[in-house]
Every structure is written in C-alpha cells, then in structure tokens.
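Chemist: Chain A is already provided as a structure; the job is to place chains B, C and D on it using the hints.
Now for the letters of each chain:
Number of protein chains: 4
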Amino acid sequence: MKLPILIINMKVYPEVLGKKALELAKVAESVARDLGVSIAVAPPITELRTVVEGVEIPVYAQGADPVEPGARTGHIPLEFIKETGAVGVILNHSENRLLLNDLGWLVGRARGLGLETLVCAPDPFTSAAVAALEPTAVAVEPPELIGTGKAVSRERPDVIVRTVELVRGVNPSIPVITGAGIEGFDDVKKAIELGTQGILVASAIVKARDWRQKITELANALR
Amino acid sequence: MKLPILIINMKVYPEVLGKKALELAKVAESVARDLGVSIAVAPPITELRTVVEGVEIPVYAQGADPVEPGARTGHIPLEFIKETGAVGVILNHSENRLLLNDLGWLVGRARGLGLETLVCAPDPFTSAAVAALEPTAVAVEPPELIGTGKAVSRERPDVIVRTVELVRGVNPSIPVITGAGIEGFDDVKKAIELGTQGILVASAIVKARDWRQKITELANALR
Amino acid sequence: MKLPILIINMKVYPEVLGKKALELAKVAESVARDLGVSIAVAPPITELRTVVEGVEIPVYAQGADPVEPGARTGHIPLEFIKETGAVGVILNHSENRLLLNDLGWLVGRARGLGLETLVCAPDPFTSAAVAALEPTAVAVEPPELIGTGKAVSRERPDVIVRTVELVRGVNPSIPVITGAGIEGFDDVKKAIELGTQGILVASAIVKARDWRQKITELANALR
Amino acid sequence: MKLPILIINMKVYPEVLGKKALELAKVAESVARDLGVSIAVAPPITELRTVVEGVEIPVYAQGADPVEPGARTGHIPLEFIKETGAVGVILNHSENRLLLNDLGWLVGRARGLGLETLVCAPDPFTSAAVAALEPTAVAVEPPELIGTGKAVSRERPDVIVRTVELVRGVNPSIPVITGAGIEGFDDVKKAIELGTQGILVASAIVKARDWRQKITELANALR
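Line by line, the protein sequences are chains A, B, C and D. Going left to right, the first sequence walks through residues -4 to 218 as this note's numbering numbers them. Going left to right, the second sequence walks through residues -4 to 218 as this note's numbering numbers them. Going left to right, the third sequence walks through residues -4 to 218 as this note's numbering numbers them. Going left to right, the fourth sequence walks through residues -4 to 218 as this note's numbering numbers them.
Isolated chain A, as found in the complex (with noise of 0.2 Å):
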C-alpha cells in the first residue's frame, strides 16, 4: 500500500452496476497518472475480475469470507481474490462486520497469501483491538457518519486523534487511514493533518456529478 492513498470503496451503488465499475476505475487510474497520486478501488464482487484486469492501479475486494477453498456454496475465500488479482481485501467494513475470531483468521491467512488487508472500524479502542492484529492498515469509520457528507475529520478529529494514538500505542507501524463523511479538500487536508495516511471514500466519489472533477479534488489533497 503506498502512502498516503486515496481508496474508493465503490460499494453496490447502482451507479456502478455492471460496466459502469470498469469505467469509474479507468477515470481513478487516469487521475492518479496525471496526478501522481495514490489511488486504489474496490470494485463489486461481481466486476472484480473485470476491473483488475481493465486497469493498473491497485484493486481490493469489498470483503472475504473465513473459508478455505472447497464445499462452500456462495463464499468468497481469500484465494479466489488473489487469483484475481487484486491486491488486497477491506476486512470489517460497518457494512459487513466480521466475527473477532474470524477476523483474525482472515487477516493472518491474507499476509500468507500476500494479500494486503485493510481492515474498518468504529472507534479508537476498536481500532486498536484492530491494529493488534497486525493488518496493512485500519481504517477509522464512525458509522454514524457513513454516508452524510459529515466529515469525520471535521465532526469528530476527536476520534482520529484518539485513534491514532491509541493504534501507535500497540502498534506504531501500522497506518490509520479514514473515512465516513469525506466530502472535499479540506476534509481530507484536515484527516492528513491528524494523522492518518489516506482516505476511504465512497458516495462522495461514486455519486459526484463528474467522477473525474472530484476525485481530483479529493487526490490532490494527498499530494
């Protein structure tokens, strides 16, 4: 993961239903080349292959199940995003939270795998239960935030500070990166400023008017 990152979590929004994955992710690369910046996305399961193998910059799956390969009907192991090619998964995300233990699991199986994993959660102390696991990066969502266009950096800087002290208290290698409510310049300028190392971003990119426009807006505030 090279820091910082702008990551868009395309989620299943019906402006990325089938193709329309593919393109959002040609325009992320497209900035991330003229800017020089960091972009990474991560696609619907079901584009995942399409987009891996559309474009250069990094792409994650939206999740993994705690399986091995073999008889289970309707899961997604680890070794059938790596095949892909993606480079990594996002683990706990407040939409599809994991079972301790099974998060665990999937987060050491992914570094045997060499798979990156970025793994969410709600609050500094959940936060650092996260980083005692030893992922590439937490990500610090309050869920309250999610969606609103209520910038966690301008509404709560609160809970990125307590978080990343809380995270380099058990881990200081591990980077914190944010997200829920991210709007615009400033709001990632000021998440950098408290000390995280990227952006997890959603509806703010994936229902912009012009992707183009505001992932720009969003990247060259990494710069």
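Derived by calculation from the structure, the hints in this document are not laboratory data. Mixed in with the good hints, there may be bad ones.
One copy or any two copies: either way a pair holds, since identical chains are not told apart in the list.
Computed list of lysine-lysine pairs in DSSO-like fashion (alpha-carbon distance at most 30 Å, straight line) [unchecked claim]:
id : residue 1 : residue 2
1  : 184       : 21
2  : 21        : 77
3  : 184       : 77
4  : 77        : 202
5  : 77        : 15
6  : 184       : -3
7  : 202       : 15
8  : 185       : 14
9  : 202       : 184
10 : 202       : 185
11 : 145       : 77
12 : 15        : 184
13 : 145       : 185
14 : 77        : 14
15 : 185       : -3
Modeler: Below, chains B, C and D without anything else, positioned relative to chain A:
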C-alpha cells in the same frame, strides 16, 4: 428452468479456481449440446461474469444477499447478478443458509426481476415451507449426505418421496430437485423415479478425474 | 393454546427490568381471571423461571436457540425452557430472526418436547411458509408497524386477510395471530373480524401508565 | 475479579438442567470457602437469578447481547444481567462468538455499568486484540482443544506463553486466563507456571462423577 435439469454447483473448490470455472462450464455446455439435456452451472461469484459471457447454457449465482443496490459494502444484490446475464440464483444452500424472512424477500424480489430461484432445504417440512414462497424450484438436500458419495436417492428415498408429497400439497406447480451424495447414473435414475425433476451435483463432477465423462454419465440418466 | 388469546411480549423494556416482569405477569393473571379471557406472557429470559413460578397463566419464552443441551456457552436450548415450566416459545420474532433451517428444526423439536410454538412472520407468503412447518400458531407482524401505534388491523387489513387465506391454503388447522401497532379495543376487534384468533402485543401494554386498565381494554375485545 | 481464579462455565450441559445448576454452584461455594480459593460460576441463563440468589461466590452470565434495554425480543442486555446481581459476563466464547464491533461496544458498556468482562479468544493475536479493548481479563482457549481432555497447558504451552507476551505488550494490566482441555491438578499448575492467573473449566467439572472432588483438585492447584 427447462426440466429435467442437471445443475452443477461448482462451490469454491480449488479445482475451479480462476479460469478453470469457465473450462468446466464449457465442458458442461458441450455435453448439453451433444445429448440434448438441460444442464446449468453455478460458478464461484468471482467468475460469474466470465462464465456467463463464455457459455450459452444457463448460469446461476451460488447465492445473493438480501439487500437492494446502494450503500452496502461487500454484498451481492440480485440486480448485480441479473446484470451479468445470469438466469437465476441458488438460495439457502445448507452451506449458505438464510434467515427465513430474508429468503422470503429474496424469492419475491427475484421474481420481480425475472431471475429464477432454486431454493435448497434440508428436509421435507422445510421444503414445503420453501414451496409456499413460490420459488422456481425446491432442492431437497439432507446436509448429512452432502459430499459423502452416499446418494440421497439410495440412502434416504423416504426423504425424497415425502418431500415431493408435501411440496405437492402446498403447491403442485413447484418442481422438486434433489442432491447430496449423488455419484452415478443409477443415483440419478432413482431420484427421477422417486418424483424429482432434476439433480443438483457438486463434488461428484467437480472432483471427477474426467469432467466430460462424469457429466455425460449423469446427464444420460436424465434423457 | 386457548383461543382467542392475548399474548403479552414484554421484550426487554426497562419497564420490566428485574422483579417488575413478575408484577406485570400478575396483573395479566388477575385480568385473565376476572374476565375469563386467555392471556399469556413472555418475560425476559432472566425472569422466565421467576414468572413461571409466580403465576398460573401460560408463560412463553421470547426465543430459543437451535441447539441441543451440551457444550454450548450462552445458548438457550428448548429443554432448559421446558424445565422452567414455560408452556411454549415465540420464534422468529422480527427482532430475533432465525435461519429457515433452524426454525424448521426448532418447531419440530418443540413439538417432540410438548412445547408450543408461536412463530412470527413479516408478510403473507412468509406466514404460509411458517404454516408448512406446522407450529402451534403463526403470528403475522409487518415489521414496519411494530411499536408505532399504527395498528396492523387498521393500516394493513389486506395483510391480515391475505395471510389468513394463504395459511388456510397450506394448513387450515393453524391459527393466525396478529400484532404490530395494536393500541386499543377497536384494533383488537378489527383483527378478530379479519379472521385472526389472537393478538401479540408489546409496547401498548408494557409502556401503558396503567397496566391493568390497558390489559383489560384489550382483553375485553376478545370476549 | 480476585486472582488467581477458577471459573466454572456450566454451559448448557444436561447435568446442570434446572435446579442442578444451583447444586453445582453450592458445591463450588463450599470448596471456595474451605480452601480459601477464588471460584466463580457461570450458570445457564435460565438459572442465573436463582444461582445469584443462592450463593455468595461471584456469578457470571455466559454471554450478553449487544443491545440496550428496549424493543428487543429474546435478547439479553447487560442491564438485565446486572440487575440479577451477577458480577460479570463471559464474552466471545468460541461457542458464542461476537462481531468485533459488538464486542468493543459490550466491553465498554459493561465497564460503565460496573460489570466485569471475561473475554475469550482462540489464539495469541486475537487475545492481544481483545486486550486492546481493556476487558477485566482475557481467556485464551484454542477451540480445537475445548472439551477434549487435552489440556492447553500441556498440548500447546507455546500458545499460552505467546498470548501472555502479546497481551502484556498491549496492556500489562490485563490478566490472562486459560482453558480448553483442562482435566487435572497438573494442568492447572502448568498453566499458572506459564504466566496465566486463572482457569476457565467446563466439562472436566460438570461431567465429573464427583463435583466436590474435582473442584477441590483443580482449586488446590491455585493455592
């Protein structure tokens, strides 16, 4: 769903990792064409689009999540399955069980979207409950026989007979399919004799040394 | 289950914390005796034994886990409910939903143990599915009305009528009970006119200023 | 929590059905008094109040749900556990696993209510994650050894040593307890030598022919 049918659930066996899922689908397509038998496949979700675009036989998703498109990370709404061109979805497989209320919601929504639903159940009473939801078909699979090579049609013919009877009592237009432990020609023949209209098979095919030979053997029993 | 019936689901409202659950049960018992109406209560699990031992009206558990007695930490097997003297269990309440397969297992096992089952469902189709499992009774509760004071019998009479029709089609011997938003005498009268044989009520009673007055009002509508 | 401690998890074994839970608790109380050793019990939830009111040793609930008191059917909020007089709660037992975020919420809320939390984890990394949440104590239990009679302290001393080390790194004030397969005096002695401050035991005691003898044997190893 063209009956009688052979549905191949690829699960996430290592044998179908990556492009091998498409290979298996192509073999199934070739046998379907040669014998004039209805065969469908359910590949891993990461290969769903590739398989749909690569073969002309019906393709099913192995599962779906009870959510609408929107702010959902790592979920698979029916709309995203539909958009790939898949014709339907397997629901409530014993390895991927659903809350009753979510199952009811998914079956109704799939109907509205024009997606077929093959809903699994472990026993006769539960199969009857499923039939009341009016899916495209019910698949009865005693979980203790799945993957064992002990065919449900040989080991527990009573389960099949009773399921057909109870499902007919609730809604005679819902076909019953069966699975679990199906290994060879005679297992399929027997299942059809007991009143079912198709077979759901996984390990017997996926783990066969010769995919073409095994699919041909099972499909021949449906002619 | 003596029909028509008024079942009071105490949930875990602060109003029934600790010994107050028994107080409410005693008021219900007193009204049942005075009016000769069938009334049952479902207290918080921590008070189940105390309430069973303290009143003579039927007592239900608010839920159960799909496990047999044994090496299970923090679970509630049906056998432990039965042993307290409770007569039955509410299953699949929309606040405590069950996997279809687990629900099928629990209903069958409760039958074997001589425990009654009141199984909730959110809509007519799901109610029909529940009826196929042959519980003691089905309770249809549109989740969007629960706790609103907008009675299902006034707001969605079509849901009740359709549920009664579909359940009858599956198994005419299964009584339908209803709930959600029931507040007063007229709501109950209407529900009975629409073909149901009882009422499942929570907040209207638990949060009433005068428990006796509210229980009397609703019970009178069942005479 | 008075250390070192012997905590008896009764689970929902048939041996502690109904009033037998109180019997076992009384034997534990009697041994605790005779030997001057700290012993606690965790009875089935249906017997929690009876046991709390019947003995003077500390009583724990076997689990709790991540909800506040209110419109929740079949749940167990911490407040309802507290009200019985129980001193704490076991969380995230491998038979009753919790979402990481729910676990974080429960530990924080229990602290606010003055309830102790004994949080289980399957391995060293997950134990360290738990320690970051600042529970009263961490219990490391490799799930593959639970109920086997193969004591973790004999079979996997490395797991205990590494857990103590990692937990200390995160927060040296959190005691580590261990369990899984503990059968006799030597198993307990060994666990203490490896740096733990207590034992969580279930089947070895519950299924012993003579409860008093077995509790005495294990408690003696803590003197």
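Chemist: What hint numbers does the structure not satisfy?
Modeler: 3, 8 and 11
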